[in-house]
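Student: Heads up: the protein sequence lines correspond to chains A and B, in order.
If you count by the numbering used here, then the first sequence holds residues 747 to 858, one letter each, in order.
If you count by the numbering used here, then the second sequence holds residues 32 to 144, one letter each, in order.
Think of the hints as simulated: they come from the structure by calculation, not from any bench.
Note that the structure is a prediction, hence the values are computed from the model and not measured.
The reader is advised that the hints may include incorrect statements.
As the list claims (entries may be wrong) - Listed below are the simulated SDA-like cross-link pairs for lysine to any residue, each with C-alpha atoms no more than 25 Å apart in a straight line:
1) K748(A) x K83(B)
2) K791(A) x A111(B)
3) K825(A) x A775(A)
4) K83(B) x E761(A)
5) K825(A) x E761(A)
6) K788(A) x E131(B)
7) K788(A) x I43(B)
Chain by chain, the residues run as shown.
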Amino acid sequence: RKEVEQDPGPFNVPEGATVAFNCTYSNSASQSFFWYRQDCRKEPKLLMSVYSSGNEDGRFTAQLNRASQYISLLIRDSKLSDSATYLCVVMQFSGSARQLTFGSGTQLTVLP
Amino acid sequence: DAGVTQSPTHLIKTRGQHVTLRCSPISGHKSVSWYQQVLGQGPQFIFQYYEKEERGRGNFPDRFSARQFPNYSSELNVNALLLGDSALYLCASSFQGLGETQYFGPGTRLLVL
Numbered sequence: 747r748k749e750v751e752q753d754p755g756p757f758n759v760p761e762g763a764t765v766a767f768n769c770t771y772s773n774s775a776s777q778s779f780f781w782y783r784q785d786c787r788k789e790p791k792l793l794m795s796v797y798s799s800g801n802e803d804g805r806f807t808a809q810l811n812r813a814s815q816y817i818s819l820l821i822r823d824s825k826l827s828d829s830a831t832y833l834c835v836v837m838q839f840s841g842s843a844r845q846l847t848f849g850s851g852t853q854l855t856v857l858p
Numbered sequence: 032d033a034g035v036t037q038s039p040t041h042l043i044k045t046r047g048q049h050v051t052l053r054c055s056p057i058s059g060h061k062s063v064s065w066y067q068q069v070l071g072q073g074p075q076f077i078f079q080y081y082e083k084e085e086r087g088r089g090n091f092p093d094r095f096s097a098r099q100f101p102n103y104s105s106e107l108n109v110n111a112l113l114l115g116d117s118a119l120y121l122c123a124s125s126f127q128g129l130g131e132t133q134y135f136g137p138g139t140r141l142l143v144l
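Could you build all of it, start to finish, from the sequences and the hints given here?
Tutor: Next up, the structure:
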């Protein structure tokens, strides 16, 4: 079983749609949680951190459920520029290392 | 301010050769991590360095090694290259690496023939 699992998609949605991505993680000792965005052939870029209380950044809302080991990302009013791969990321403490463990990513294409 | 920089951007090697990849962290950042991303997968953790000391190592063979210099830049070395080492190698920096956000460089794309 992968440590971080995501639905690979692809998700093809029209502009203006609302789309939700889900992610589960297996290590209950995981400490920090993130969503990164990766454009084709580019490096991952931090989209937002995820907190148990839930957090929102404009059109993006992230939620964490530690009991269920579940993370979600909601994108409202999708734009063409949102087309990318969205990576669910968990930070684990491995000794003194702060190791990021990535899911395989969910591909989103927003269609005109 | 400059972000994380990596060199070279692309590299082609043959099986059995060795390669050295370089990374300069964001100014003021003391921690560097290395990740390998093969096509269609998320990045996989290779190493983390902080203040020139190795903090952690992922599940990679001993052919992979790294070091961090006094100016906090870092090198990743891979010996006896295999076809399966073909990937995007990403460097990420953070201030201390203590649960803080890691910022990624553009990566080095390695192709092993």
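Student: State for each hint whether it applies.
Tutor: Each hint, compared with the structure:
1. K748(A) x K83(B): violated, 31 Å
2. K791(A) x A111(B): violated, 31 Å
3. K825(A) x A775(A): violated, 35 Å
4. K83(B) x E761(A): This hinted pair is violated, its Cα atoms lying about 47 Å apart.
5. K825(A) x E761(A): holds, 5 Å
6. K788(A) x E131(B): Answer holds: K788(A) to E131(B) is near 22 Å, not above 25 Å.
7. K788(A) x I43(B): Holds: K788(A) and I43(B) sit about 18 Å apart, inside 25 Å.
Hint compliance for this structure: hints 1, 2, 3 and 4 are broken, all remaining hints hold.
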